[in-house]
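There are 2 protein chains.
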Amino acid sequence: MSKTQPARGMRDFLPADIRRREYVIGIIKEVYESYGFEPLETPAVENLETLTGKYGEEGNQLIYKILKRGEKLEQSTSEKDSSDLALRYDLTVPLARVIAQHKNDLPKFFKRYQIQPVWRADRPARGRFREFYQCDVDVIGSSSMIVEAELCAAVGEILLRLGFSDFVIKLNHKEILTGILKAVGIPTEQHINTLVVLDKFDKIGAEAVAKELQQMSISVDSVLKLMKFILSIYKRQKKDLKDRIENIELELEKAYASTSSKHNDEFNFTQHSPEKINDITFERIAGFTSENEEGEKGISELKKILKFIKNQYVYKRIEIDPNLARGLSYYTGTIMEIVLTSSDFSGSLAGGGRYDGLIGMFGKEQIPACGFSLGLERILVVMEERGMFPKELGDSSADVLVTVWNEDSIGESLKLAGELRQQKLRVLVYPEADKLGKQFKYASQINVPFVCVLGESELAENKVTLKNMETGEQEIIERAEAASRVKIHKQNSQSKS
Amino acid sequence: MSKTQPARGMRDFLPADIRRREYVIGIIKEVYESYGFEPLETPAVENLETLTGKYGEEGNQLIYKILKRGEKLEQSTSEKDSSDLALRYDLTVPLARVIAQHKNDLPKFFKRYQIQPVWRADRPARGRFREFYQCDVDVIGSSSMIVEAELCAAVGEILLRLGFSDFVIKLNHKEILTGILKAVGIPTEQHINTLVVLDKFDKIGAEAVAKELQQMSISVDSVLKLMKFILSIYKRQKKDLKDRIENIELELEKAYASTSSKHNDEFNFTQHSPEKINDITFERIAGFTSENEEGEKGISELKKILKFIKNQYVYKRIEIDPNLARGLSYYTGTIMEIVLTSSDFSGSLAGGGRYDGLIGMFGKEQIPACGFSLGLERILVVMEERGMFPKELGDSSADVLVTVWNEDSIGESLKLAGELRQQKLRVLVYPEADKLGKQFKYASQINVPFVCVLGESELAENKVTLKNMETGEQEIIERAEAASRVKIHKQNSQSKS
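Protein sequence lines correspond, in order, to chains H and U. All residue numbers in the first sequence are consecutive under the numbering used here, ending with 689. All residue numbers in the second sequence are consecutive under the numbering used here, ending with 689.
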């Protein structure tokens, strides 16, 4: 490792990177603010006890802990005791802490967005970093499904404005999952662990999930019933995998010597609207859970969201998916995830859900809450690969470069630069007295569209020579005219792109 | 300590705080970009070895170190070995690392700004935090004093646009300090430590500085000569302290039984322009250093900066101050600091200097560099105390609140909100179906200027009732007209403030 590299899994962002990041963040902020969300920021460093016990065993291992200092470190008796601070792991737990602390200073329905980095000591991989930004948006204080409807509308609007046209917002409900697990006979105390395993379905596949569940001493019958239900949903989503999935189903049946007959799935989904498909999914869930209390509640809340959002653009992009689990144990109601349907990208762009119990872990009061977290890094990766950034973002750092003739005229060059800046131009002054040829060459290298020459004769006559670096044309003009010339060109090229 | 508080010395920023911070950061970015500076960001976490040995012994103690994880921690044999990562301590050292790493991807003259938090395990105090933002601006690749001139102009423009009218940019030069220390007979190997002590002059006072220097085995004669020079400059700067300083001078003379006569300082500075005062300061320095090589070089470079910047607004705000030391050992040329002259605030708003040797510590090549660091937290504190923020920043999170009549009409309320957002309004939807009175009350509490009621009769007639929360007036209007009504009001109230 070279001593000039950033730490492993972390990145330096050069100007072109920042321009792309700020373009995306700018749109995210604009849309969130149009929905009345307000900005919040919390410290990078939290008390260790604030974070521990919130992210499950796996998450706990990935928290970066900070070494105690001085006296405090000397007093610590064990390795475990050598840290009392840690780096922020997500933006949800700090939000819950802030709500419990500032409840009286905040509006009853607090709508906040927060765009900050988080740190996880994960194994670095393509697209997985140890420092990465999350863009969270949450509504605190309301149990109504209006919240979910608005969150879906806002996040959908952001993706649309960024240029995504192939996204789907998947919705599920914690109670539907509970209803399903209950229906297949998995005991309540096994539910959390079962959901952690199911969340890995996409990564490790059906066979491995079934195996892990059996290792947890879940009965063969329960596993088989559960897998069959999951696969029947999955098959519909991944039409191209239909044959493979049917094979897996057969093998599972053989392996577990099931007595149940193969599910007859003759319904042709490609013919139907997203709306109709969601209706059928609801029927399936209701049938499978035998309309138990939990399943009923989940279905009823998701139906409300669909009803509220019916008039919105995102309505057609919503897909009810009873397989959607997500690993986080603090979800209590709706579970949400956004995926791209095109095959060039797997993984989700955003995830979220309702967590009505988390804030109560910090304060005395239970306050309902629901939110979405956009994965900035993933959005950027896909936009880069698909060439979705506007052309202007790659542009130069300046509209015009002012040359320097000699040491004595530097003051005049700086003054001219000031005049041009007053006209709202971004202006570089060549930062050395050097040959004019070198100054032109530099302007061309860094892609500055105009050079404004202030030489001996120009100074004497109160004029400047303005060179268009694209066309090579140059003309001597009144000093006061330089700004407007550059601005006209700038407006023209912006309206073209 | 409550478990809902942030970690000691760290802060949560609620929406009103963020609005003020973003207002200031927005102006800083706008001005820097108009000078052709480009954004850069580096990770919060750096390899420990990147930071160690760069900030002196005192700085080293304040670095937050991150605990090694898993296997790595088990392999570590000592306490010192238990960390290989650390939190960013400033923005200059990471910049030097980035330049050494990305030299070939960056323009020859790289002008960058960077606005990010840094962390120091300092004792928290009023206005001193363990997490705080720095706003750095640096020019890499040029040794010309054009760089210093532009940096002063840019930072001066920022302060002016923020509304500061009482700031002074102090300039000194590392070689002038060397020339002075040489002139009073302090040996070269003592220079760095002497400057660290001199930097504390404002905090601990003349007597304590003199005592510390003596404890370093610097001769009484050297200390006395040095203190007299410092005080003669200081007296001029702090006219109200003239009597006290003359007393100190007398006491110092008595204490050290000096043979030199009291300096006759009859020149009345209040009569003269800043320009004339700087000329006299240059004469003093030249006289005191007996025009030694170092003093000459420092004076010549500072005179160039003044010459280059003569046409700019900030020229009159520049004060040559041979007492300005600053603790950082990596400065090699110009040293800069911005202070407020009014007595309500002590301490600097910005500091910086030239560090032509730092980048060479990471790469093979020495690359000249010079920069300014604006203290965002201090700027915010002073602006808050002086009431310098524009009134609109305190405004509400939304322009209009749309009411919800009942569960069945929620979809229509969300639709109306979408229509209003298309007209560039920030729109809240009341997030529950509740009594209309409660919804009005809430709008008033959170200071939203308009409420748009979508009740049973309005829905039937495709109209809305628009209530102006300030005047209490309400009228039934066409649904399509609502946005323009709110917008007219918004424009009027913005143009008033």
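There may be inaccurate statements among the hints.
All copies of an identical chain are treated as equivalent in the list; a pair is satisfied when it fits inside any one copy or across any two copies.
As the list claims (entries may be wrong) - Derived DSS-like pairs: lysine-lysine, alpha-carbon spacing no greater than 30 angstroms straight-line:
| hint | residue 1 | residue 2 |
| --- | --- | --- |
| 1 | Lys427 | Lys496 |
| 2 | Lys616 | Lys221 |
| 3 | Lys300 | Lys392 |
| 4 | Lys496 | Lys616 |
| 5 | Lys374 | Lys300 |
| 6 | Lys246 | Lys627 |
| 7 | Lys420 | Lys630 |
| 8 | Lys583 | Lys616 |
| 9 | Lys195 | Lys616 |
These are computed hints drawn from the structure, not numbers from a lab.
Verification of the hints:
In the homo-oligomer, the alpha carbons of lysine 427 and lysine 496 lie at most 30 angstroms apart inside one protomer (26 angstroms), although the nearest pairing across protomers, at 75 angstroms, exceeds that limit. In this assembly of identical chains, the alpha carbons of lysine 616 and lysine 221 lie at most 30 angstroms apart whether taken from the same copy (24 angstroms) or from different copies (13 angstroms). Neither within a single protomer nor between protomers do lysine 300 and lysine 392 lie at most 30 angstroms apart by alpha-carbon distance, with minima of 37 angstroms and 49 angstroms respectively. In this assembly of identical chains, the alpha carbons of lysine 496 and lysine 616 lie at most 30 angstroms apart only when taken from different copies (28 angstroms versus 50 angstroms within one copy).
In this assembly of identical chains, lysine 374 and lysine 300 lie within 30 angstroms of each other by CA distance neither inside one copy nor across copies; the values are 36 angstroms within and 66 angstroms between. In this assembly of identical chains, lysine 246 and lysine 627 lie within 30 angstroms of each other by CA distance neither inside one copy nor across copies; the values are 63 angstroms within and 37 angstroms between. In this homomeric assembly, lysine 420 and lysine 630 never come within 30 angstroms of each other (Cα to Cα): the closest approach is 72 angstroms inside a single copy and 49 angstroms across copies. Both within a single protomer and between protomers do lysine 583 and lysine 616 lie at most 30 angstroms apart by alpha-carbon distance, with minima of 21 angstroms and 25 angstroms respectively.
In this assembly of identical chains, lysine 195 and lysine 616 lie within 30 angstroms of each other by CA distance neither inside one copy nor across copies; the values are 40 angstroms within and 49 angstroms between.
Checked against the numbered hints given earlier, this structure breaks hints 3, 5, 6, 7 and 9; the rest are met.
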